[in-house]
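*Asks:* Work out the full structure, taking the sequences as your base and the hints as a guide.
Quick mapping for you: the protein sequence lines, in order, are chains V and X. Going by our numbering, 54 is the number at position 54 of the first sequence; the sequence numbering is gapless. Going by our numbering, 119 is the number at position 11 of the second sequence; the sequence numbering is gapless.
It should be emphasised that the hints constitute simulated quantities derived from the structure, not laboratory data. There may be inaccurate statements among the hints.
[Unchecked claim] Below, a sample of chain X positions facing chain V; criterion: calculated Cβ distance under 8 Å: (1) 203; (2) 204; (3) 266; (4) 272; (5) 313; (6) 316; (7) 353; (8) 354; (9) 355.
[Claimed, not checked] Computed cross-link-like contacts, DSS-like style, restricted to lysine-lysine with a CA-CA straight-line distance of at most 25 Å: (10) 214(X) <-> 72(V); (11) 349(X) <-> 64(V); (12) 77(V) <-> 57(V).
By construction, the Cβ of each residue, glycine as well, lies at the ideal position given by its N, Cα and C atoms.
If you want the building blocks of each chain, they are given just below.
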Amino acid sequence: MGWFSSDPKAKDAAYVPPDREARNRCWEARDTFYDCLDKHSIVNPLEDDRTKNACPKELAGFEKNCASSWVKYFQQKRYADFRKEESLRKLKEQGAEFVGELSGGPGK
Amino acid sequence: MASKRNVVTLSSNVRSLAPRQSQLCRNQQRGFGSLLPRNAYDSLRRPIHWTRCESKPRLFSHTTAQYYKSVQEAKSRHKTGVFSWKAAVVFVITGIGLIIFFESEKARLERKRLAEQTKGIGKPKVGGPFHLVDHDGNPFSSEDMKGKYALVYFGFSNCPDICPDELDKMAVMIDLTKQKVGNVLRAVMLTCDPARDSPAILKEYLAEFHPDIIGLTGSYEEIKQTCKAYRVYFSTPEHVKPGQDYLVDHSIYFYLMGKPVQPACPLRMPRANVGHLDPEGDFVEAIGRNFTAEDAARVITEHVKDWKGPLDRS
Chain V
1 MGWFSSDPKA KDAAYVPPDR EARNRCWEAR DTFYDCLDKH SIVNPLEDDR
51 TKNACPKELA GFEKNCASSW VKYFQQKRYA DFRKEESLRK LKEQGAEFVG
101 ELSGGPGK
Chain X
109 MASKRNVVTL SSNVRSLAPR QSQLCRNQQR GFGSLLPRNA YDSLRRPIHW
159 TRCESKPRLF SHTTAQYYKS VQEAKSRHKT GVFSWKAAVV FVITGIGLII
209 FFESEKARLE RKRLAEQTKG IGKPKVGGPF HLVDHDGNPF SSEDMKGKYA
259 LVYFGFSNCP DICPDELDKM AVMIDLTKQK VGNVLRAVML TCDPARDSPA
309 ILKEYLAEFH PDIIGLTGSY EEIKQTCKAY RVYFSTPEHV KPGQDYLVDH
359 SIYFYLMGKP VQPACPLRMP RANVGHLDPE GDFVEAIGRN FTAEDAARVI
409 TEHVKDWKGP LDRS
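*Replies:* Structural data, given as structure tokens:
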């Protein structure tokens with residue numbers, strides 16, 4: 001790859017944007033992986049040592065169908081979403097009320 | 109017999125008085141002649157008794173001096189006063205009409221206030237001039253956005269989940285708006301990842317969503333300036349190695365640009381002679397992720413309907 005670093009065309013040649021089909025394939029593989037994580041109650045797959053042993057097949061499928069940046073992103077997102085839900089739940093337990101989105105919502 | 113004669117003399121007295129009084133009456137009414145149509149003038153004259161003519165003739169006297177067809181009617185009118193079922197129905201309908209009118213007017217003023225509030229004084233707070241390239245490789249600047257409302261979205265083609273969802277939403281918004289108010293919207297997706305998103309890639313990528321969406325790209329500096337003007341945060345690395353796989357973190361908003369509020373001061377109008385008519389590309393409203401496509405389309409169509417200036421509908 002280093003040979004092409006001075007050639008601007010190499011950038012375009014190397015990168016193909018994912019189309020709808022590719023995205024759906026990736027999302028399906030991700031969901032299968034997520035289901036497996038749920039089964040083993042793994043919340044943060046990137047930092048949990050059990051991930052590789054618990055869901056090797058699902059992880060391989062996930063990595064095969066998604067770009068590496070997406071693989072990392074979705075795993076981080078799973079943990080971030082979990083933490084968000086967790087803190088919302090805690091706030092509710094403390095009696096907080098949901099008053100709506102901060103940035104102007106649809107209004108009615 | 110005697111009493112009968114008395115009556116006759118009395119009535120003849122009345123008759124002899126009447127012409128003089130009606131003469132007086134006519135004299136007084138003459139002043140209104142220019143205000144009233146001929147038949148209204150006649151109806152004013154007919155029911156008035158001479159005693160009434162002493163005071164100023166009343167404009168709507170014919171509504172009070174009514175003749176009833178039967179005694180029952182007169183009695184019931186006496187009992188209920190001016191109230192009748194007809195009056196009640198008219199009252200209720202007028203009331204409902206007024207409530208609906210006030211509610212819609214309230215909503216319109218609220219949108220106007222919002223549009224004016226976000227407009228800022230002097231320089232618009234969101235948006236600004238830019239010089240980029242569209243997905244066909246032709247130059248596209250902020251000037252090209254004028255004439256129609258513009259729906260601006262910032263994204264990038266390697267976006268994992270949010271942008272594709274938002275672009276699908278954008279496609280629905282475009283179709284719904286078109287259905288309701290015609291072709292008044294220019295949909296634009298500005299890439300936050302100029303290193304990878306060349307015009308050709310944007311064209312290929314956006315074709316999947318909606319043929320109307322214009323993809324914009326440019327140099328890293330130009331994109332950075334535009335994102336800054338639109339208050340969009342993005343995290344694209346400036347120097348990317350070819351083939352490097354990375355994601356871009358960016359703000360997720362649709363910006364509705366246009367100019368729904370006509371200038372209050374006519375001195376600000378001369379811009380109209382430039383050829384690029386309003387909407388002039390001022391920021392109108394930000395549409396966040398929490399909006400559904402239907403909500404967003406409703407907001408857009410309402411702003412478009414409020415706009416009274418020239419609008420490119422081609």
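*Asks:* All hints are to be evaluated individually against the structure, with a verdict given for each.
*Replies:* Evaluated hints:
The criterion of a C-beta within 8 Å of any C-beta in chain V is not met by residue 203(X), whose closest approach is roughly 23 Å, and the hint is violated. For residue 204(X), the shortest C-beta to C-beta distance to chain V is roughly 20 Å, which exceeds 8 Å, and the interface hint is violated. For the restraint placing residue 266(X) at the interface with chain V, the shortest Cβ-Cβ distance is roughly 6 Å, inside the 8 Å limit, so the hint holds. A cut of 8 Å between beta carbons decides the hint on residue 272(X): the least distance to chain V is about 6 Å, and the hint holds.
Taking 8 Å as the C-beta cut-off, the interface hint given for residue 313(X) holds, the closest approach to chain V being about 5 Å. Annotation: residue 316(X) was flagged as interfacial toward chain V, and the flag holds, the nearest CB pair being 5 Å apart, inside 8 Å. The beta carbon of residue 353(X) comes within 4 Å of a beta carbon in chain V, closer than 8 Å, and the hint placing it at the interface holds. Given hint, residue 354(X) at the interface with chain V, holds; its Cβ is 6 Å from that chain's nearest Cβ, closer than 8 Å.
Look at residue 355(X): its Cβ gets to within about 5 Å of chain V, closer than 8 Å, so that hint holds up. Taking the CA atoms of residue 214(X) and residue 72(V), the gap is near 49 Å; set against the 25 Å cutoff, the hint is violated. A hinted pair counts as satisfied when its Cα atoms are at most 25 Å apart, and residue 349(X) with residue 64(V) qualifies at roughly 22 Å. Only pairs whose Cα atoms come within 25 Å are accepted, and residue 77(V) paired with residue 57(V) is accepted, the gap being roughly 21 Å.
Of the numbered hints listed earlier, those contradicted by the structure are 1, 2, 10.
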